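*Asks:* Chain residues, written in single-letter form:
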Amino acid sequence: MAEYLIKNGFVFDPAQKIKGDVADVAIKDGKIVKSVEKPKVIDAKGMTVMAGALEVHAHVAGPKVNIGRIFRPEDKLFTYRPTEKNHRMEGGFSIPTTYKTGYAYARLGYTTVMEAAMPPLFARHVHEEMRDTPIIDEGAYPVFGNNWFVLEYLKNKELENVAAYIAWLLRVTKGFAIKVVNPGGTEAWGWGLNCLQVKDPVPYFDITPEEIITGLIEANEYLGLPHSMHIHGNNLGNPGNYTTTLDTLKLAAGHKAKNKFGREQVMHHTHIQFHSYGGTKWADFESKARPIVDYVNKHKNITIDVGFVTLDETTTMTADGPFEHHLTELNHLKWANADVELETAAGVVPYIYSPDIFVSGIQWAVGLEIALLSKDPMRCYITTDHPNAGPFTRYPRIIKWLMSQKAREEQIKAFKANDKVVNASEIASIDRELNLYEIAQMTRAGPAKCLGLASMYGGLKPGQDADVAVYDFNPDKEHKPMEIEEAFSEVKYLFKTGVPIIMDHKFVSEGRKRTLWVDAKVNENPQVVRDVKEKFLKYYTVTEKNYEVVGKHFIPNPYAIEVDATH
Amino acid sequence: MNTVTLTPKAKPDLYLEVDNITPDRFAGKTNEEIAALHLYEGSTQHALGKFFDVAGSSGPTAAETKIVIKGDASRLKYIGMKMTAGEIVIEGNADMYVGAWMRGGKIQAKGNVEAFAGTGMKGGEIQIDGNAGNYLGSAYRGDWRGMAGGTIRVKGNAGSDTGYFMNGGTIIIGGNVDVHVATHAEGNGKIIIKGNAKSKVGGQMVGGEIYIFGDLEVPMPTFEYRKDVELEVDGTKAKFALFEGDTAERHPKRKGETIYGKIYMKY
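Protein chains in written order, with this note's numbering: chain A, 1 to 567; chain B, 1 to 267.
Chain A extracted, bound-state conformation (with noise of 0.2 Å):
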């Protein structure tokens, strides 16, 4: 392989506390190295070097995505983009096809991205698309919150068991992670109902969204799995259901993480900006960020990302079927639902954040007073829940809002019902403007560490993947805010384990992207296989045969992150 020195560039990369320090970073073989002999020099002189970012919770692949692709063509209308070089068509804009996936988070500088839910029945479709978006490593999580295993092993009490399945799911599905949906509520939306609160009893199988979140916690730790346990609480998008996160958030205490990849949470909250709602309505709405922010800031063993507002118009897709449901009444715009068997459940639903809405807009000042007042962005992410709250490709725009107040100001002011998101929120008194450094914490090293991926991505150091991303951006200059969000919406070269995917803004090639999944080794579990087994015989639609994701065609290119969870 070819030997590349990024020369004179101003690299940020918390793995190894350098802060803007004019350096050259070198890369041989696919890994980040301490020197080269013959390299191909790229100078990088005034400009930005970070390492490739990662996005901890984006929906871009599987069925619900695709019945977003197929209810809305009209999301593709006017975004076309054609065939070039080295790069195929790309369409649409919140549900962009696989392709633009691959290609609009390369120019972003993203290299590893996570699927955010993974229905397990569907993981051969979620991998047939995975497999077709270019250039980026990819992993996906399964969703357990409302499996009814899960729920049978947790309500006995049955914690072996939960993570023999857990470890056997996993292995079949070839998933990354344990995820969480609307704990107990999206099974009780099979039941025309839903659980607000974490004590709400789930219909039939008599448990609470607290037993299931503190099971998978212990179920989490107990295999000692790379990422924690990742979750999605109940009562999403309602006045009022900050105290329902602060109970979720609760469940963590006391529980250690117990892993070897230097991953120090058990629980990471996704999307929290939809979960830090005051208000008991819609006409009283406001800001509940700082609760909730003080509770995290407080507890260590918590990471969250944010799912920040873009004041886009979207399309909201989520395992939370009662909750798009609720959405669709909301907004008289069209619905999709789907029912997973005995796994989950889905909704679709377009959604438009206006700015001339005063709910958008407070939604907007949730988002960021959550980053602004986060005291450590080791654990505060920057994602937008992609699709639901905004599109992933405007990360440049929240950057901007991030390192400008300005910027804020100006969208304040753009807001027809100004007086109101000011009331509302405390995003107006907030000064503080995040620097570069800390941007690459929020995208970098802190989504890797959080994911027990650090050793491999999100730094600089020698002996990682030599992903890397060259901005066009002094940080020694003056920017006008436009121009903040401007140099982040497209690398100037980035670089994929070793490999140059974009040089000089142009796509040279689409590299060798990556699956990763866990393989979690466990004690031999007769009971845990004879209730597989059973339960594909009596309910399930498709043999076990036909249910895992096996072979070349659904992963060209697997990485198996290996646990040894014997006990």
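Incorrect hints may appear among the rest.
Mimicking DSS-like on lysine-lysine, the simulated pairs with C-alpha atoms at most 30 Å apart in a straight line are [to be verified]:
hint : chain 1 : residue 1 : chain 2 : residue 2
1    : A       : 416       : B       : 82
2    : A       : 416       : B       : 122
3    : A       : 28        : A       : 552
4    : B       : 82        : A       : 76
5    : B       : 227       : A       : 334
6    : A       : 420       : B       : 255
7    : A       : 334       : B       : 253
8    : B       : 255       : A       : 334
9    : A       : 480       : A       : 406
10   : A       : 416       : B       : 255
11   : B       : 122       : A       : 413
For the record, the hints were derived by calculation from the structure and aren't laboratory data.
Given the structure is predicted, the values throughout are model-derived calculations rather than measurements.
Mind docking chain B on chain A? Use the hints.
*Replies:* Same frame as chain A, but now just chain B:
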């Protein structure tokens, strides 16, 4: 007002996407610059000049520019797309999406036009001397934002799904319409049918008005008769029977009053 004349040279093998044929794009350009504007034939980009002779001259602004397509436009899609001002005259038939997302100005089609004319239209005027195809003044596939303003006048007949998701503006049809009229319509759009209508008129209609001068073959069972009214509609004074619906749909309230879709049947 200056006039640019486009004369089709030869019939293309595939349909052409000519969204650059608008007064907005032509204004202030020389004929050479106009001929250099691009169009798509399938996935291939060509210069406009490959398929058209460009004559005359454009005005300095869109409002001062008139475009005449002299000849057959039946393989041209998206004529006048997103135009804001000025005028286009199509001397023959045209294909789909004439005046789609148009905001102002005027288009006159002297022949027939295919489906989706006036899709998502917000303002201006489209006059069709022949017949219109399906989905006249509708929304793009999947979209819920149909025609919202402006006027479409058809001398002949219209196809099915006229005013699908229509939210505003006026459509006047001199002849008959096929099935599905104003499906999902909301807001205050108005469809006037001088001839006969078939069935599913006003299905899933939340708001808006439909006037039928001729017969309605199969009325929707979800519309209820309210009263008789004397009205003047597009120059015709007559007595109409008012029906409201679609009662199977949700209906918003405005000032305490429930808003329904209205169908007026001329006696």
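*Asks:* Now look at each hint and say whether the structure bears it out.
*Replies:* To see whether the hints hold, each was checked on the structure:
The straight-line distance between the Cα atoms of residue 416(A) and residue 82(B) is roughly 26 Å, inside the 30 Å bound, and the hint therefore holds. Taking the CA atoms of residue 416(A) and residue 122(B), the gap is about 22 Å. The hint holds against a cut of 30 Å. Under the criterion of a C-alpha separation no larger than 30 Å, the hint pairing residue 28(A) with residue 552(A) is consistent with the structure, at around 28 Å. In summary, the hint linking residue 82(B) to residue 76(A) is supported, as the alpha carbons are separated by about 17 Å, within the 30 Å threshold.
In summary, the hint linking residue 227(B) to residue 334(A) is not supported, as the alpha carbons are separated by about 33 Å, beyond the 30 Å threshold. Distance check on the hinted pair: residue 420(A) and residue 255(B) sit about 24 Å apart at the alpha-carbon level, within 30 Å; holds. Taking the CA atoms of residue 334(A) and residue 253(B), the gap is about 21 Å. The hint holds against a cut of 30 Å. With a C-alpha separation of about 26 Å, the suggested pair residue 255(B) and residue 334(A) falls inside the 30 Å cut-off, and the hint holds.
Among the hinted pairs, residue 480(A) with residue 406(A) is consistent with the structure: their alpha-carbon atoms are about 9 Å apart, no more than 30 Å. Only pairs whose Cα atoms come within 30 Å are accepted, and residue 416(A) paired with residue 255(B) is accepted, the gap being roughly 23 Å. Distance hint between residue 122(B) and residue 413(A) is fulfilled; the C-alpha atoms sit about 27 Å from each other, no more than 30 Å.
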